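First residue of the sequence shown: 1, per the UniProt record's numbering; consecutive thereafter.
Since the hints were derived computationally from the structure, they do not count as laboratory data.
Values in this document were obtained by computation on a predicted structure and should not be read as measured data.
Incorrect hints may appear among the rest.
[Said to hold, decoys possible] Pairwise CB distance ranges (calculated): (1) Ser105 x Ser72: 15 to 23 angstroms; (2) Pro58 x Ser86: 18 to 26 angstroms; (3) Ser72 x Gly107: 32 to 40 angstroms.
Every residue, glycine too, gets a C-beta built ideally from N, C-alpha and C.
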Amino acid sequence: MSGRSGERGDGTNEPAGEPGAWDFSALEVTGRMPVTNRGESLVELTLEPLGEDYWLRPGETFIVTSYGDYGSGHPFEVQYWPDSVSVWCTSWFGTVSDDDGNQLSCGHQRPDGAYPR
Numbered sequence: 001m002s003g004r005s006g007e008r009g010d011g012t013n014e015p016a017g018e019p020g021a022w023d024f025s026a027l028e029v030t031g032r033m034p035v036t037n038r039g040e041s042l043v044e045l046t047l048e049p050l051g052e053d054y055w056l057r058p059g060e061t062f063i064v065t066s067y068g069d070y071g072s073g074h075p076f077e078v079q080y081w082p083d084s085v086s087v088w089c090t091s092w093f094g095t096v097s098d099d100d101g102n103q104l105s106c107g108h109q110r111p112d113g114a115y116p117r
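Can you make the complete structure from the sequences, with help from the hints?
Shown next as structure tokens:
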């Protein structure tokens with residue numbers, strides 16, 4: 001199996017799930033951290049080292065998951081600013097999901113005009 005959820009593990013390579021969806025279940029989870037927006041406006045969550053942006057509405061919680069070896073340190077480093085938070089996955093690989101466990105894509109809820117084109 002290639003790790004893609006669109007292939008079955010029975011050797012047939014027939015579609016088994018949503019095309020293009022990745023399945024990280026074979027990777028070791030080394031940390032999970034909830035990030036909640038307790039403010040009254042949209043907050044940007046940036047997942048590093050790739051710079052992926054996800055936007056939390058007031059009261060919303062996302063789960064950042066780190067996969068793989070992070071060495072002798074810790075799975076996350078967090079930096080805060082007035083309207084944003086950066087989470088570094090020190091294993092160099094992580095994902096962001098909603099509170100129900102659905103993996104989110106980069107740019108989730110990004111407001112129009114957030115970045116210059």
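Evaluated hints:
1. Ser105 x Ser72: 15 to 23 angstroms: Violated: the Cβ-Cβ distance is about 32 angstroms, outside 15 to 23 angstroms.
2. Pro58 x Ser86: 18 to 26 angstroms: holds (19 angstroms)
3. Ser72 x Gly107: 32 to 40 angstroms: For Gly107 against Ser72, whose Cβ atoms are near 34 angstroms apart, the range 32 to 40 angstroms holds.
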